[in-house]
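Participant: So you can see what is in the structure, the chains are spelled out below.
Number of protein chains: 2
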Amino acid sequence: MKSNKVFIATSLDGYIADSKGGIDWLETFPEINQVDTGYYSFMAEIDALLMGRGTFEKVCSFDIDWPYEKPVFVLSNSLIGIPEKFQGKVELVSGSLSEVLAQIHQKGFGRLYIDGGKTIQSFLKEDLIDEMVITVIPVLLGGGIPLFGPLSKPLVFDCKKTTLFVNRIAQSHFIRKRG
Amino acid sequence: MKSNKVFIATSLDGYIADSKGGIDWLETFPEINQVDTGYYSFMAEIDALLMGRGTFEKVCSFDIDWPYEKPVFVLSNSLIGIPEKFQGKVELVSGSLSEVLAQIHQKGFGRLYIDGGKTIQSFLKEDLIDEMVITVIPVLLGGGIPLFGPLSKPLVFDCKKTTLFVNRIAQSHFIRKRG
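Chains as they are written, first to last, in our numbering: chain C, 12 to 190; chain P, 12 to 190.
The following block holds chain C by itself, in its conformation from the complex:
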């Protein structure tokens, strides 16, 4: 089974980071951290993660243990190596998206968590995203790094589910509607 899925939080105006790259606003309602928003069941159903260099470096910058149990592929055409402490945890991949996917599929990983703004946008540009779970933190930031960007053609999804958490935060589950 092959699929490319997104699980991400945005502001109400569609940003994944504020204009300085900050994500403090994700903690506007910290009670969200006390409930099950489906992250672990989502993670249980993917075989590996694929993220861009920016997201990888962001994750590395957090003062936390390595947060992923599944293999992580870092998509970069500029990085030439992985810092020693992350060796064995992540693997660099490069090339076109179809080349990158072929490499990862060949290793036996079909169901992929696609993460990071630029990577998600590049996948959407080639209509390679099958599902998106988007949690909307109800804050208008007024600017920042948007989740979505330009496309070569509109893409139609179905919203299959919408859930309200802690009486404040809505999460919607979108599935790409093809053909």
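The hints are simulated quantities; they were obtained by calculation from the structure and are not laboratory data.
Incorrect hints may appear among the rest.
As the list claims (entries may be wrong) - Computed cross-link-like contacts, DSS-like style, restricted to lysine-lysine with a CA-CA straight-line distance of at most 25 Å:
| # | chain 1 | residue 1 | chain 2 | residue 2 |
| --- | --- | --- | --- | --- |
| 1 | P | Lys129 | P | Lys13 |
| 2 | C | Lys164 | C | Lys13 |
| 3 | P | Lys31 | C | Lys188 |
| 4 | P | Lys100 | P | Lys171 |
| 5 | P | Lys31 | P | Lys69 |
| 6 | P | Lys188 | P | Lys16 |
| 7 | C | Lys136 | P | Lys188 |
| 8 | C | Lys31 | P | Lys136 |
| 9 | P | Lys172 | C | Lys171 |
| 10 | P | Lys16 | P | Lys136 |
| 11 | C | Lys172 | P | Lys13 |
| 12 | P | Lys16 | P | Lys129 |
| 13 | P | Lys136 | P | Lys100 |
| 14 | C | Lys13 | C | Lys96 |
| 15 | P | Lys164 | P | Lys136 |
| 16 | P | Lys100 | P | Lys16 |
| 17 | P | Lys188 | P | Lys171 |
| 18 | P | Lys164 | P | Lys129 |
| 19 | C | Lys171 | C | Lys136 |
| 20 | C | Lys16 | C | Lys164 |
| 21 | P | Lys81 | P | Lys129 |
| 22 | C | Lys31 | P | Lys96 |
| 23 | P | Lys171 | C | Lys171 |
| 24 | C | Lys118 | C | Lys96 |
| 25 | C | Lys164 | P | Lys31 |
| 26 | P | Lys16 | P | Lys164 |
| 27 | C | Lys31 | P | Lys164 |
| 28 | P | Lys172 | C | Lys172 |
| 29 | C | Lys69 | C | Lys171 |
| 30 | P | Lys129 | P | Lys31 |
A quick note: this is a predicted structure, and the numbers were derived from the prediction, not measured.
Dock chain P against chain C, hints included.
Facilitator: The following block gives chain P in isolation, referenced to the frame of chain C:
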């Protein structure tokens, strides 16, 4: 009672019209027109509408009977008159938002439906929106006229309700969280 409310549909990437100003994509799932999405109960709970010139001219361009039963105020600092066929239906207002609101409140209309992208953005810039009901048509357009724009400060809302219509379209109800 005074309040300023929004009831609007956007694309999944936050646009209220495509890059040519078109809204055909609103009909991606025409079955939405067969269900009650709360528009009539929303309209029943407002006293008047306030929209910008652009939205007024868009409504005038539709080949339909005048769609509003409540008084409509058109906010414009450039229009000098209303076409004859709309006289008695709409009233021009101008000035700063606080001046415009004072004029409308003085006429006895407190609960207002604020409509139109530019007008909503100008209200949000002055933190004058109390509630928003946003219906997300699950289409990524890739560009167009955005609902939200720059702000002088972030605005925090609560999402009080989220509803799935026709198994495809999510609607969320946001209430401004002040103080």
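Participant: Of the hints stated earlier, which fail here?
Facilitator: 4, 7, 11, 13, 14, 22, 29
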